[in-house]
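Taken in order, these protein sequences are the chains called Z and W. Counting from 1, one number per residue, gives the positions in the first sequence under this note's numbering. Counting from 1, one number per residue, gives the positions in the second sequence under this note's numbering.
If you're looking for bench data, these hints aren't it; they were derived computationally from the structure. Among these hints, one or two may not hold up.
The list cannot tell twin chains apart, which means a pair is met if one copy fits it or any two copies do.
Simulated crosslink set (SDA-like; lysine to any residue; CA at most 20 angstroms straight-line) [said to hold, decoys possible]:
(1) K220 x T294
(2) K220 x S299
(3) K195 x H75
(4) K220 x E188
(5) K220 x R293
(6) K330 x V72
(7) K330 x T291
(8) K220 x T206
(9) K330 x C171
(10) K330 x P52
(11) K195 x Q97
(12) K220 x N60
(13) K220 x S107
(14) K195 x Y184
(15) K330 x P6
(16) K220 x R276
(17) K220 x H290
(18) K220 x T291
(19) K220 x S255
Number of protein chains: 2
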Amino acid sequence: MAQRVPYERMLRLLARCLMDRRFSPDRALRCAALFAENSLVGIASHGLNRFPRFLEWIDNGWINPGGIATRVSSHGNLERWDGHLGPGPLLAEQCMQRAIDLASPDSLGCVALRESNHWMRAGSYAWQAADAGLIGLCFTNTEPNVPPWGSVEPKLGNNPFAAAIPRSDGCHILYDGAISQFSYGALETAAQQGKRLPVPGGIANTGEMTDDPAEILASKRALPIGFWKGSGLSLILDLLATILTAGRSTCDLGSQNAEYGVSQVFIAVGARLIDRTASEAIERTLIDLHTARTEDTSSVRYPGEQLYARRIENLRLGIPVDPAAWDDVKRLACE
Amino acid sequence: MAQRVPYERMLRLLARCLMDRRFSPDRALRCAALFAENSLVGIASHGLNRFPRFLEWIDNGWINPGGIATRVSSHGNLERWDGHLGPGPLLAEQCMQRAIDLASPDSLGCVALRESNHWMRAGSYAWQAADAGLIGLCFTNTEPNVPPWGSVEPKLGNNPFAAAIPRSDGCHILYDGAISQFSYGALETAAQQGKRLPVPGGIANTGEMTDDPAEILASKRALPIGFWKGSGLSLILDLLATILTAGRSTCDLGSQNAEYGVSQVFIAVGARLIDRTASEAIERTLIDLHTARTEDTSSVRYPGEQLYARRIENLRLGIPVDPAAWDDVKRLACE
């Protein structure tokens, strides 16, 4: 990972690939920006490294480049929208913006989006709300990839969930995580590097818990966070998404040849509710967290704390890229 | 646990104790019903066994028997309420009912309640919404009792969260769990019985993960679900509760002599959104879950599946009680 690429360079290259695939120039640029931003904040697995697969899905007809979300029905400040199988990142950005509008200035807005596609990084859209001064929450269902607790067969999704709490200096608090303890991307990376996981991440074919990522990739038995608890949370997130959207469930997605048409929920909480009292309470909590005693000289970080610093550094120095992944995308752009 | 007590008998005994403590007869009965119901569904730790401590808190002045929630402000279908340090179970029931009213018939309602008290079992109020045909969600913050990931000092709450998805036959899906892998009640019970935990539940004073409940009670280092993930989720739940209610945070609660004045959030989703299509999707998912392959002859259960069956059985046969706990309450009622 010695190579660094300027953000603008990555942005233009990705946008060009999308324009070659019937994206309008402005939509190509927005979608490319969401991918490049993921690499910029250090999540290349959902940025540059994932981009070739995204193009493949467009070429397979599973993603409709021109698909824009349209409103299906309105229920107070909860709305149902249909994504018409458009590009997940653009649909998600559009629907979080709508949730922000519904929540402004001091209420709560919820958009339930069906017929969507993989949005890449959940945190992008929660952060979007935080950048607008609101609390942002979002979650999606996925195809079955986690066995329910007590079972050996993947029936639950890992259903990523993100939440952002805004701070006036832009260093928002951001939780962003799947229900599985480790994503399949993280397992693959660790297996390639021959590394063990820091905690058990799945159950091997022997029936024993293991921290060997290769054994988990072989058994397809990733552990949910909190064992039976994550198993239950996954079901709840899936059913919430399915009911609110009137869209496809994880079970429905499992009967398809690929993961398209997922169900997603976007929630925003109005900016005026985050007044000075609230901001002071947030800062008091973060100071308290930072001063928690540790066993060594390290200090506790809040979720998302490193993201902002990494973004600034990578904007200045360029985005670190896996040279092979970068070459792949250059080839796809016929450079 | 050989002894069984009829539900009505337990209800009357608990209600009498509350009337002795300035609860009006109707409020004594409702509050007693919430405690008795917890024992009825098999969660005695938040029912009969907890009741003496509840009375103690009233006697200490931390719970105000006459405290009723009043509305502070209205923001569309989100409302802020103040519990005036009333009895947690009654406040929670009142505020979930208000969220149900706000959500009816086909929208979303949210009530943020500050100055509340321990509501005993989160699942009670999510279930309340499901019994009314709505989706119910609720969460609360708590005093600091879980160290943030990387720290040895409790700074986060275990912030219980519950979600219920209604089913027409009354066998609702119910997730109900704290952010810690095991509650302190569960750790104490296991330690008394000399049992090991089924999975590691905390970090011992040696710095090693352990499944010995006594070691965790000694170190006060309970593990959050999903390690760093639960640590992040706990912070998010606390800040959401604090901001939405404009109430006390876990950090604020930590500077008090006891855990009173907690912040709680109640969300309901309107019944008309759970139409036939949604109900069919729910049932399809549960059938899929029940048929997941297992390593033995057991079958996978959905969260809350045992609760309903246990309730029916205990209504018929009487509620199993710990004789010592039952005697304690009888003594408190001067029987």
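Structure-based check of each hint:
{"no.": "1", "hint": "K220 x T294", "verdict": "between (35 angstroms within a copy, 14 angstroms between copies)"}
{"no.": "2", "hint": "K220 x S299", "verdict": "between (35 angstroms within a copy, 19 angstroms between copies)"}
{"no.": "3", "hint": "K195 x H75", "verdict": "neither (49 angstroms within a copy, 50 angstroms between copies)"}
{"no.": "4", "hint": "K220 x E188", "verdict": "within (12 angstroms within a copy, 35 angstroms between copies)"}
{"no.": "5", "hint": "K220 x R293", "verdict": "between (38 angstroms within a copy, 13 angstroms between copies)"}
{"no.": "6", "hint": "K330 x V72", "verdict": "neither (39 angstroms within a copy, 58 angstroms between copies)"}
{"no.": "7", "hint": "K330 x T291", "verdict": "neither (46 angstroms within a copy, 46 angstroms between copies)"}
{"no.": "8", "hint": "K220 x T206", "verdict": "within (12 angstroms within a copy, 34 angstroms between copies)"}
{"no.": "9", "hint": "K330 x C171", "verdict": "neither (33 angstroms within a copy, 55 angstroms between copies)"}
{"no.": "10", "hint": "K330 x P52", "verdict": "within (10 angstroms within a copy, 70 angstroms between copies)"}
{"no.": "11", "hint": "K195 x Q97", "verdict": "neither (40 angstroms within a copy, 51 angstroms between copies)"}
{"no.": "12", "hint": "K220 x N60", "verdict": "neither (25 angstroms within a copy, 53 angstroms between copies)"}
{"no.": "13", "hint": "K220 x S107", "verdict": "neither (42 angstroms within a copy, 39 angstroms between copies)"}
{"no.": "14", "hint": "K195 x Y184", "verdict": "within (14 angstroms within a copy, 34 angstroms between copies)"}
{"no.": "15", "hint": "K330 x P6", "verdict": "within (14 angstroms within a copy, 74 angstroms between copies)"}
{"no.": "16", "hint": "K220 x R276", "verdict": "neither (48 angstroms within a copy, 34 angstroms between copies)"}
{"no.": "17", "hint": "K220 x H290", "verdict": "between (37 angstroms within a copy, 19 angstroms between copies)"}
{"no.": "18", "hint": "K220 x T291", "verdict": "between (40 angstroms within a copy, 18 angstroms between copies)"}
{"no.": "19", "hint": "K220 x S255", "verdict": "within (17 angstroms within a copy, 46 angstroms between copies)"}
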